Amino acid sequence: MTETAALSQQNIITTKDLDANDIQLILDTADSFKEISTRAIKKVPTLRGRTIINLFFEPSTRTRTSFEIAGKRLSADVINISGAGSSVVKGESLIDTAKNLEAMSPDILVVRHNCSGAPSLISEFVNCPVINAGDGMHEHPSQSFLDLLTIREHKGSLKGLKVAIVGDIAHSRVARSNIQAMQTMGMKVKVVAPPTLIPVGIEKMGVDVCYDLGQGIKDADVIMILRIQLERQNQGLLSSLREYSNYFCLTTNHLSNVSDETLIIHPGPVNRGIEISLDVLEGPRSMILNQVTNGVAVRMALFYLLLGESDANPN
Amino acid sequence: MSSILLNQKDIARAISRISHEILEKNKGAENIALIGIRTRGVTFSSRLKQKITDIENTDVPLGALDITLYRDDLGTGLQKPQLKKTEIAFALEGKHVVLCDDVLFTGRTIRAAIDALMDFGRPASVQLAVLIDRGHRELPIRPDYVGKNLPTPKSKRVQVHLKEIDEEDKVIIQEPVK
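These protein sequence lines are chains A and B, in that order. Per the working numbering, the first sequence starts with residue 104, numbered consecutively. Per the working numbering, the second sequence starts with residue 314, numbered consecutively.
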């Protein structure tokens with residue numbers, strides 16, 4: 104009689120693995136979880152006695168805190184390991200680290216790594232579910248779910264919406280995860296950037312390409328601005344940051360030509376004045392803090408849905 | 314194979330009687346709050362609210378509770394239920410909360426519901442209204458208001474159908490599905 108909930112996947116590595124039902128289930132479940140964060144006592148006993156390990160080989164504030172809070176609001180024991188303070192600095196290999204953590208029987212591993220494919224590799228050596236919290240230039244699935252949840256909340260549904268993704272598409276795991284998930288949900292994606300920041304062959308993903316900001320965002324229901332990755336700006340892809348910002352910084356001038364209903368999202372961290380102007384960032388159409396709030400709910404949903412059988416099965 | 318134990322009129326009479334009992338026991342509708350347990354407890358609670366409003370001509374706060382996150386059988390091999398929203402938009406402090414569910418059986422759902430309620434605040438009291446009590450309690454829990462006691466073999470399935478969800482009002486008993 105009761106509807107049941109099950110994902111088609113054991114691990115969350117890429118949005119490519121997930122079909123529309125999976126994504127729908129994640130968003131619906133996250134929507135139900137939002138209420139917990141508004142209670143006086145922001146905690147439910149669901150994952151009592153479960154252990155979640157956050158294995159972060161790359162700096163992160165938002166994502167790591169978000170996963171940690173999500174686990175704690177479900178009563179799980181959350182352990183944070185950062186690359187800098189771990190045996191990695193002593194030369195331990197990724198697989199050895201994973202196997203050793205596995206020996207302590209965690210229930211879920213959350214992995215962020217600067218190499219694409221690291222979470223997928225780890226998932227082959229451990230028995231518990233692995234969530235990719237961002238791997239190199241590959242994917243960042245939970246970011247894409249929180250983006251979709253934010254959009255759905257404001258637009259009612261996802262199907263048929265037009266999205267313009269603006270910025271460093273080539274290096275962005277957020278862009279890749281989102282392009283795949285958005286297309287699965289029936290949305291139309293356009294990427295907007297200077298040619299050097301658009302990967303060769305991106306048309307094969309079924310997206311439109313545009314090299315002009317004003318043109319690119321004209322009919323968009325959602326504008327997603329990506330961070331210019333300052334750490335990658337020594338590769339000669341841009342002649343200067345100032346030039347990039349002259350052509351691609353989203354300002355109120357651009358917004359005068361788009362609908363009042365257009366949402367602006369950004370995965371953070373923001374470079375104020377480089378990819379987005381101050382007044383747009385703090386304007387009424389900016390959903391950036393809603394995204395962060397939704398991030399906790401989405402990660403609670405992933406933990407809940409991935410929760411496996413407990414070892415001490417009483418039946 | 315299934316047979317009908319209660320029909321639409323029986324259910325309507327039970328709801329009417331329970332509404333009067335709630336008002337009698339709490340000496341009116343003041344400080345009462347109804348909270349339905351998803352899914353059919355919510356329908357049951359909104360019908361009680363309607364009836365109480367008709368009788369006393371006053372509004373009673375109504376909430377909905379999803380107890381999934383408080384279940385004691387998550388991760389034990391059963392499929393996980395789809396999580397639905399909990400909506401309690403009023404403070405529980407000082408309220409006489411009437412928890413509403415369609416069928417009372419082992420009592421485990423009610424245990425979970427009481428735990429969930431306590432996370433929202435400290436009600437003056439918690440009472441329990443059920444449409445059907447079929448016995449077989451596994452926890453020390455008893456209802457305050459009962460539509461009908463139906464002593465049934467533990468192996469059978471008792472199902473409450475309510476118009477809002479199932480198109481008609483009836484209570485049926487079924488042979489267990491293998």
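None of these hints come from the bench; they were simulated from the model. Remember, it's a predicted structure, so these values are computed and weren't measured experimentally. All residues carry an ideal CB built from backbone N, CA and C; glycine is no exception. It is possible that some hints are incorrect.
Using 27 Å as the maximum straight-line C-alpha spacing, the simulated BS3-like pairs for lysine-lysine come out as follows [to be verified]:
id	chain 1	residue 1	chain 2	residue 2
1	A	K262	B	K398
2	B	K338	A	K137
3	B	K364	A	K146
4	B	K393	A	K119
5	B	K397	A	K262
6	A	K258	B	K364
7	A	K202	A	K262
8	B	K398	A	K175
9	B	K398	A	K137
10	A	K146	B	K398
11	A	K175	B	K397
12	B	K397	A	K137
13	B	K398	A	K258
14	A	K175	A	K145
15	B	K393	B	K364
16	B	K322	B	K398
17	A	K175	B	K393
18	B	K340	A	K145
19	A	K119	A	K145
20	A	K321	A	K307
21	B	K461	A	K146
The calculated label-pair distances, taken between Cβ atoms and stated as ranges, are [stated by the list, open to error]:
id	chain 1	residue 1	chain 2	residue 2	range
22	B	T465	A	G188	31 to 41 Å
23	A	K258	B	E400	20 to 30 Å
24	A	F228	B	Q392	24 to 34 Å
25	B	A325	A	A109	32 to 42 Å
26	A	A109	B	E477	18 to 28 Å
27	B	R455	A	K258	25 to 35 Å
28	A	N230	B	I317	47 to 57 Å
29	B	T389	A	S111	35 to 45 Å
30	B	E477	A	S111	30 to 40 Å
31	B	I478	A	P162	23 to 33 Å
32	B	I478	A	K258	26 to 36 Å
These stretches of chain B come out as covered by chain A in the derived footprint (C-beta under 8 Å, 3 or more residues) [stated by the list, open to error]:
id	region
33	393-401
34	428-434
To see whether the hints hold, each was checked on the structure:
For the given pair, K262(A) sits about 23 Å from K398(B) by alpha-carbon distance, which is consistent with the 27 Å threshold. Under the criterion of a C-alpha separation no larger than 27 Å, the hint pairing K338(B) with K137(A) is inconsistent with the structure, at around 36 Å. For the given pair, K364(B) sits about 35 Å from K146(A) by alpha-carbon distance, which is inconsistent with the 27 Å threshold. Proximity of K393(B) to K119(A) is assessed by CA-CA distance (about 24 Å); at most 27 Å being required, the pair is judged to hold.
With a CA separation close to 22 Å, the supplied pair K397(B) and K262(A) stays within the 27 Å bound. At roughly 37 Å between alpha-carbon atoms, K258(A) and K364(B) are farther apart than 27 Å, so this suggested pair is violated. A C-alpha spacing of about 42 Å is found between K202(A) and K262(A), which places the hinted pair above 27 Å, so the restraint is violated. In summary, the hint linking K398(B) to K175(A) is supported, as the alpha carbons are separated by about 20 Å, within the 27 Å threshold.
Between K398(B) and K137(A) the CA atoms are separated by roughly 9 Å; this keeps the pair inside 27 Å, and the hint holds. Restraint check for K146(A) and K398(B): the C-alpha separation of about 15 Å stays at or below 27 Å, so the hint holds. Distance check on the hinted pair: K175(A) and K397(B) sit about 20 Å apart at the alpha-carbon level, within 27 Å; holds. Distance hint between K397(B) and K137(A) is fulfilled; the C-alpha atoms sit about 11 Å from each other, no more than 27 Å.
Among the hinted pairs, K398(B) with K258(A) is consistent with the structure: their alpha-carbon atoms are about 20 Å apart, no more than 27 Å. For the given pair, K175(A) sits about 9 Å from K145(A) by alpha-carbon distance, which is consistent with the 27 Å threshold. Only pairs whose Cα atoms come within 27 Å are accepted, and K393(B) paired with K364(B) is rejected, the gap being roughly 34 Å. Pair hint K322(B) plus K398(B) does not hold up; C-alpha atoms about 31 Å apart against a cutoff of 27 Å.
Taking the CA atoms of K175(A) and K393(B), the gap is about 20 Å. The hint holds against a cut of 27 Å. Our distance criterion of 27 Å between C-alpha atoms is broken by K340(B) and K145(A), whose separation comes to about 34 Å. Simply put, K119(A) and K145(A) have alpha-carbon atoms about 33 Å apart, too far for the 27 Å limit, and the pair is violated. Under the criterion of a C-alpha separation no larger than 27 Å, the hint pairing K321(A) with K307(A) is consistent with the structure, at around 23 Å.
A distance of roughly 36 Å separates the Cα atoms of K461(B) and K146(A); the hinted pair therefore is violated under the 27 Å criterion. A hinted range of 31 to 41 Å for the beta carbons of T465(B) and G188(A) is inconsistent with their spacing of about 60 Å. Checked against the given bound of 20 to 30 Å, the beta carbons of K258(A) and E400(B), roughly 22 Å apart, stay inside it. For the hinted restraint 24 to 34 Å between F228(A) and Q392(B), the CB-CB distance of approximately 28 Å keeps it satisfied.
For A325(B) paired with A109(A), a C-beta distance near 38 Å keeps the hint of 32 to 42 Å intact. Between A109(A) and E477(B) the Cβ separation comes to about 27 Å, which falls inside the hinted range of 18 to 28 Å. At roughly 48 Å, the beta carbons of R455(B) and K258(A) sit outside the given window of 25 to 35 Å. Remark: the range hint 47 to 57 Å for N230(A) to I317(B) is upheld by a beta-carbon distance near 49 Å.
At about 22 Å, the CB distance of T389(B) to S111(A) disagrees with the hint of 35 to 45 Å. At about 32 Å, the CB distance of E477(B) to S111(A) agrees with the hint of 30 to 40 Å. At about 49 Å, the CB distance of I478(B) to P162(A) disagrees with the hint of 23 to 33 Å. The hinted range of 26 to 36 Å is satisfied by I478(B) and K258(A), whose Cβ atoms lie roughly 28 Å apart.
Closer than 8 Å: that is the beta-carbon criterion, and the region 393-401 of chain B has 8 residues meeting it against chain A, so the requirement of 3 holds. Coverage of the region 428-434 of chain B by chain A holds. Counting CB-CB distances below 8 Å, 5 residues qualify, and the rule asks for three or more.
Checked against the numbered hints given earlier, the structure breaks hints 2, 3, 6, 7, 15, 16, 18, 19, 21, 22, 27, 29 and 31 and satisfies all the rest.
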